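Student: Please build the complete structure, drawing on both the sequences and the hints.
The chain contents come next:
There are 4 protein chains.
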Amino acid sequence: MKRPAAANRESFRAFVSLQTRWADNDEYGHMNNATYLSLFDTALSLWQMQNGLDIRGPQALRFLVVESGCKYHAEIGFPDALTAGLRLAHLGTSSYRVEIGLFRGDSAQAAAEGFFAQVLVDNSTASPRPIPDAVRKTLSQLLPVT
Amino acid sequence: MKRPAAANRESFRAFVSLQTRWADNDEYGHMNNATYLSLFDTALSLWQMQNGLDIRGPQALRFLVVESGCKYHAEIGFPDALTAGLRLAHLGTSSYRVEIGLFRGDSAQAAAEGFFAQVLVDNSTASPRPIPDAVRKTLSQLLPVT
Amino acid sequence: MKRPAAANRESFRAFVSLQTRWADNDEYGHMNNATYLSLFDTALSLWQMQNGLDIRGPQALRFLVVESGCKYHAEIGFPDALTAGLRLAHLGTSSYRVEIGLFRGDSAQAAAEGFFAQVLVDNSTASPRPIPDAVRKTLSQLLPVT
Amino acid sequence: MKRPAAANRESFRAFVSLQTRWADNDEYGHMNNATYLSLFDTALSLWQMQNGLDIRGPQALRFLVVESGCKYHAEIGFPDALTAGLRLAHLGTSSYRVEIGLFRGDSAQAAAEGFFAQVLVDNSTASPRPIPDAVRKTLSQLLPVT
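Residue numbers (my numbering), protein chains in the order written: chain A, 13 to 158; chain B, 13 to 158; chain C, 13 to 158; chain D, 13 to 158.
Simulated from the structure, these hints should not be mistaken for laboratory data.
From a predicted model like this one, the values you see are computed outputs, not experimental measurements.
Ideal Cβ positions, reconstructed from N, Cα and C, are used throughout, including at glycine.
Be aware that a few hints might be false.
As the list claims (entries may be wrong) - Examples of chain C residues lying across from chain B (beta carbon under 10 Å, computed): (1) S29; (2) L30; (3) Q31; (4) R33; (5) A35; (6) N37; (7) G41; (8) D53; (9) T54; (10) L56; (11) M61; (12) R68; (13) G69; (14) F90; (15) P91.
Stated by the list, open to error - A few chain D positions that, by computed beta-carbon distances, are all more than 10 Å from chain C: (16) Q31; (17) Q62; (18) R116; (19) S119; (20) S136; (21) R148; (22) T150; (23) S152; (24) Q153; (25) P156.
Tutor: What follows is the structure in structure tokens.
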């Protein structure tokens with residue numbers, strides 16, 4: 013099981029600073045595996061809100077997570093200061109795949125890389141619905157430069 | 013993005029009962045995405061300890077998680093009573109891939125399916141080391157019946 | 013700072029079984045201080061729902077926590093099986109104080125004791141409102157026998 | 013149950029910036045009660061490490077929490093930016109009581125106020141031991157100016 017090469021900062025399009033907490037470390041003295049996803053969640057939500065996407069409240073855009081994943085390259089944990097890099101690997105009619113790199117301090121290489129595959133659903137029926145143009149425009153800022 | 017068919021209980025080899033908590037639900041009223049991994053962690057750890065594997069303390073087996081993932085088929089959350097099903101998809105020289113299905117109440121189909129790819133490492137050097145025979149024998153109980 | 017004597021099981025009126033999780037332990041190898049409150053929350057919520065109190069959804073009773081506290085008598089943590097004991101120390105017009113004891117395995121003495129002071133508030137205005145008679149009757153099951 | 017007046021920033025001696033996370037909010041849409049303690053923990057630990065106290069690793073100072081508490085004055089939650097204020101209410105031979113105020117954004121009044129009563133214990137025996145002079149000197153920076 014060869015570990016893949018870790019992504020560099022330049023491969024991401026937006027960045028969010030993240031703080032670790034005392035309780036993030038489990039009894040192995042490093043960040044618990046589940047906590048990485050909680051940080052991915054936070055980074056993506058903060059970026060979406062900072063870019064005008066309404067993801068809270070009754071009229072909010074409801075992006076359902078259908079799949080998530082994480083590759084752990086190097087151990088991190090409290091009290092590390094972290095930076096999350098964000099990029100879009102796919103932007104479909106009603107879904108997207110966002111990839112997140114987690115960087116420790118000033119490190120150029122990601123200590124962890126994860127993704128969320130999300131589908132925009134109707135708030136009442138939970139059925140997939142097309143991503144509105146304005147939202148698509150915002151999300152496409154995270155697409156790779158071609 | 014078509015959702016894959018959810019796994020059935022029969023495809024798993026061991027089961028662990030899991031409890032949800034009030035704080036597991038996020039403001040969407042369902043279990044937060046990261047919490048699923050925390051439940052996978054708990055199910056696997058409990059099974060390992062119940063089967064005599066020493067995963068805590070200074071002389072413990074140290075299985076490093078190199079990759080994790082989760083597919084979310086149906087929403088679950090507090091106060092659901094859950095059952096985790098466990099099976100091994102791969103058992104290599106120093107690594108394995110364990111798959112976990114999360115079942116809500118008496119449901120026959122998994123509400124979520126996840127995995128951990130783990131490598132046994134030396135406690136001091138953190139380098140991969142072969143899984144000892146006794147440990148391999150225990151873990152192989154989770155392999156599919158052929 | 014002398015530690016107070018720990019409460020016995022007999023001093024509580026209702027009991028809820030609780031499960032610990034791998035991630036509950038922090039790097040000291042014992043349950044993180046904050047997790048105790050999460051378990052108190054869960055025990056009280058489960059008891060309220062099992063006794064017919066509607067604490068979720070748009071028409072739910074909304075009990076706001078105005079104060080909480082916890083005394084830690086003995087260390088507990090994953091993989092301990094726990095039992096929470098519940099009792100009411102005060103039942104006022106619109107508020108109550110519930111006390112929770114956390115017992116490890118079959119131990120007769122609480123490993124931790126906590127409380128929540130809660131006020132019933134209006135769902136729209138968040139102003140205190142009188143506890144309805146039916147709810148008061150349910151909660152009074154947790155009052156000490158006199 | 014009258015809510016006490018909230019503490020002002022001026023009554024604290026040191027400050028730590030804290031970040032909220034998506035998963036901090038429970039299904040009421042505000043920060044879960046237990047998460048406040050996790051933030052107190054983090055603020056105190058960061059301050060201790062920034063001031064040279066060794067609280068991690070095998071030779072670390074081990075401050076055991078014997079009691080904690082929190083008064084909730086106003087609701088906070090993700091995505092609020094928070095500041096924790098720290099002060100010492102008591103510094104004894106082997107114990108202290110640290111009080112923490114949690115401030116939302118630029119607010120002058122604490123949204124929540126909590127405390128930890130902690131005892132310095134021997135790493136092997138867990139018995140109380142006197143706080144060393146150098147540590148006492150560091151901690152006394154958090155005592156009120158007289």
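Student: Now look at each hint and say whether the structure bears it out.
Tutor: Verification of the hints:
no.	hint	in the structure
1	S29	holds, 8 Å
2	L30	holds, 7 Å
3	Q31	holds, 4 Å
4	R33	holds, 4 Å
5	A35	holds, 5 Å
6	N37	holds, 9 Å
7	G41	holds, 8 Å
8	D53	holds, 4 Å
9	T54	holds, 4 Å
10	L56	holds, 8 Å
11	M61	holds, 6 Å
12	R68	holds, 8 Å
13	G69	holds, 8 Å
14	F90	holds, 7 Å
15	P91	holds, 6 Å
16	Q31	holds, 16 Å
17	Q62	holds, 18 Å
18	R116	holds, 16 Å
19	S119	holds, 18 Å
20	S136	holds, 14 Å
21	R148	holds, 16 Å
22	T150	holds, 20 Å
23	S152	holds, 18 Å
24	Q153	holds, 21 Å
25	P156	holds, 20 Å
Checked against the numbered hints above, the structure violates none of them.
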